[in-house]
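Now for the letters of each chain:
Protein chains: 2
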Amino acid sequence: RPSPRCIVAMARTQSYWASVEAEIEAYLKKSIPIRSPETVFEPMHHLTFAAPRTTAAALCVAACELVGGGRDQAMAAAAAIHLMHAAAYTHEHLPLTDRPRPRPGIQHKYDPNIELLTGDGIIPFGLELLARSMDPARTKPDKILRVIVEITRATGSQGMVDGQYQELGLDQLGSEYDIIEYVCRKKEGELHACGAACGAILGGGAEEEIETLRRFGLHAGMVQGIQGKKKAGLMEEKIEKLKELAHKELKSLKGKKTELISSLIEPSVAAVQIS
Amino acid sequence: RPSPRCIVAMARTQSYWASVEAEIEAYLKKSIPIRSPETVFEPMHHLTFAAPRTTAAALCVAACELVGGGRDQAMAAAAAIHLMHAAAYTHEHLPLTDRPRPRPGIQHKYDPNIELLTGDGIIPFGLELLARSMDPARTKPDKILRVIVEITRATGSQGMVDGQYQELGLDQLGSEYDIIEYVCRKKEGELHACGAACGAILGGGAEEEIETLRRFGLHAGMVQGIQGKKKAGLMEEKIEKLKELAHKELKSLKGKKTELISSLIEPSVAAVQIS
Chain V
3 RPSPRCIVAM ARTQSYWASV EAEIEAYLKK SIPIRSPETV FEPMHHLTFA APRTTAAALC
63 VAACELVGGG RDQAMAAAAA IHLMHAAAYT HEHLPLTDRP RPRPGIQHKY DPNIELLTGD
123 GIIPFGLELL ARSMDPARTK PDKILRVIVE ITRATGSQGM VDGQYQELGL DQLGSEYDII
183 EYVCRKKEGE LHACGAACGA ILGGGAEEEI ETLRRFGLHA GMVQGIQGKK KAGLMEEKIE
243 KLKELAHKEL KSLKGKKTEL ISSLIEPSVA AVQIS
Chain E
3 RPSPRCIVAM ARTQSYWASV EAEIEAYLKK SIPIRSPETV FEPMHHLTFA APRTTAAALC
63 VAACELVGGG RDQAMAAAAA IHLMHAAAYT HEHLPLTDRP RPRPGIQHKY DPNIELLTGD
123 GIIPFGLELL ARSMDPARTK PDKILRVIVE ITRATGSQGM VDGQYQELGL DQLGSEYDII
183 EYVCRKKEGE LHACGAACGA ILGGGAEEEI ETLRRFGLHA GMVQGIQGKK KAGLMEEKIE
243 KLKELAHKEL KSLKGKKTEL ISSLIEPSVA AVQIS
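So the sequence lines, in the order shown, correspond to chains V and E.
All residue numbers for the first sequence refer to my numbering, where the first residue is 3 and numbers rise by one.
All residue numbers for the second sequence refer to my numbering, where the first residue is 3 and numbers rise by one.
Some hints here could point you the wrong way.
Claimed, not checked - If you anchor each label on the Cβ, the simulated ranges turn out as follows:
1. E:40 with V:258: 48 to 54 angstroms
2. V:250 with E:28: 29 to 35 angstroms
3. V:28 with E:268: 48 to 54 angstroms
4. E:28 with V:254: 50 to 56 angstroms
5. V:108 with E:257: 56 to 62 angstroms
6. E:40 with V:21: 42 to 48 angstroms
7. V:20 with E:40: 39 to 45 angstroms
8. V:37 with E:179: 46 to 52 angstroms
9. V:178 with E:20: 51 to 57 angstroms
10. E:74 with V:54: 39 to 45 angstroms
Derived by calculation from the structure, the hints in this document are not laboratory data.
Backbone N, C-alpha and C fix where the C-beta goes; we use that ideal spot for every residue, glycine too.
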């Protein structure tokens with residue numbers, strides 16, 4: 003049973019992540035009004051919010067605040083990360099004629115054609131949002147370009163798409179556990195690494211802080227990914243090792259209040275994320 | 003029978019467009035090496051070049067040169083435009099379970115899953131290429147961000163994706179000719195408008211030149227689009243009207259050598275593009 007002091011700390015971190023998630027959602031709702039042509043924008047709105055949240059977007063905001071930036075400086079990048087994730091989620095659930103294994107049945111509100119095209123619209127929209135967010139008074143355009151490169155890489159052929167290939171069994175890597183680890187690295191790991199790095203870049207972090215937070219994000223994201231798999235119970239050792247690596251990175255960030263951000267890898271917080 | 007002088011002019015414009023196309027292709031080949039993981043990059047390379055060329059990419063380079071810019075300044079944007087078009091082409095030909103009309107049979111070298119994921123990788127890659135092309139000595143980062151906004155809009159939900167919706171009959175607009183016109187405006191028209199505007203932005207054109215070239219691109223692209231449809235023969239009047247509008251825009255560009263760029267809407271050049 004946790005101590006009262008511990009419960010207070012848990013409540014504080016939970017309310018922190020909840021407030022970040024709520025702000026990202028509000029930003030996205032404002033950015034995707036249901037406008038004409040409604041046949042296009044209504045599914046875009048729906049599928050953006052139908053996808054499960056990824057903590058990579060919230061981590062982007064938290065990393066920005068950790069290095070001393072303002073929450074609003076990271077909001078467009080966090081929204082873009084969620085949108086790229088939502089597009090990938092939508093396309094992962096498309097009924098194609100050659101899906102090697104059936105996906106867990108999700109409710110399809112739209113026909114496959116609409117889901118395909120909506121995903122194709124969400125990807126450029128996320129990057130448009132980011133490119134438009136330039137405010138020379140606060141964030142220099144070259145920083146935004148750097149963040150665009152980060153996000154396109156993490157979500158493209160070298161990142162998330164590579165993970166999706168492996169997940170579909172389109173390539174043979176090794177044992178079942180090797181594949182799970184590789185997929186979680188490419189999908190959740192690199193997306194969280196990207197989120198943390200983007201937040202640190204936008205918040206004005208030093209290069210060393212950016213790289214430390216990137217490594218923290220990679221480990222924390224892999225923990226999230228593996229914990230979401232059926233075989234997670236058999237990979238406890240791996241999960242503990244990754245948590246240790248993640249904590250080690252945060253410890254190297256001298257003089258920073260890392261308590262909130264470290265809560266991302268604690269089960270109590272993970273439970274809140276999932277619920 | 004064309005006069006000898008006319009034949010010389012035609013040969014000159016043909017060799018101009020051919021050299022632009024060849025440079026874009028060389029740039030793309032260099033940008034997409036077949037590297038590890040090959041299961042991801044080999045299909046990306048193949049599907050990038052399997053898509054038919056769009057003159058929107060070449061128009062981007064031509065518009066840049068017309069306003070006084072160097073060819074290399076427009077190359078990344080032209081490549082990005084081709085990549086977005088190639089991704090759309092790949093996804094348009096995916097065998098989904100609810101395609102309302104069969105697509106003309108194209109050779110599928112890969113399974114649908116790979117084609118879906120490759121398209122999903124090509125979209126961010128095109129924008130990554132553009133974001134990485136920043137060279138502060140020649141092109142300011144805010145110009146690149148502006149071009150990213152142009153390309154994401156033209157190829158996203160308000161642009162190409164909207165055209166694909168209409169083309170699939172997912173929405174009812176009006177008569178068959180109204181639909182053809184709308185689809186050609188959204189797909190070929192706005193992509194060419196975007197190409198011309200991006201080239202003019204990157205080449206350092208004045209705002210007025212950018213908007214004139216954008217309108218020229220819209221009309222020229224619609225001509226290309228309609229000419230590619232089966233019903234083109236019944237839409238001659240519309241085509242002539244669009245050509246007239248396109249020529250009118252170029253005439254307003256005082257003191258510019260518009261001969262090469264105007265050849266984009268002449269049948270002799272169109273034939274070269276197709277062959």
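Quick rundown of the hints versus the structure:
1. E:40 with V:258: 48 to 54 angstroms: Since the Cβ atoms of residue 40 (chain E) and residue 258 (chain V) sit about 41 angstroms apart, the hinted range of 48 to 54 angstroms is violated.
2. V:250 with E:28: 29 to 35 angstroms: violated, 46 angstroms
3. V:28 with E:268: 48 to 54 angstroms: holds, 52 angstroms
4. E:28 with V:254: 50 to 56 angstroms: violated, 45 angstroms
5. V:108 with E:257: 56 to 62 angstroms: holds, 59 angstroms
6. E:40 with V:21: 42 to 48 angstroms: holds, 44 angstroms
7. V:20 with E:40: 39 to 45 angstroms: For residue 40 (chain E) against residue 20 (chain V), whose Cβ atoms are near 43 angstroms apart, the range 39 to 45 angstroms holds.
8. V:37 with E:179: 46 to 52 angstroms: For residue 179 (chain E) against residue 37 (chain V), whose Cβ atoms are near 26 angstroms apart, the range 46 to 52 angstroms is violated.
9. V:178 with E:20: 51 to 57 angstroms: holds, 52 angstroms
10. E:74 with V:54: 39 to 45 angstroms: holds, 43 angstroms
Hints 1, 2, 4, 8, counting from the list given before, are not met by this structure.
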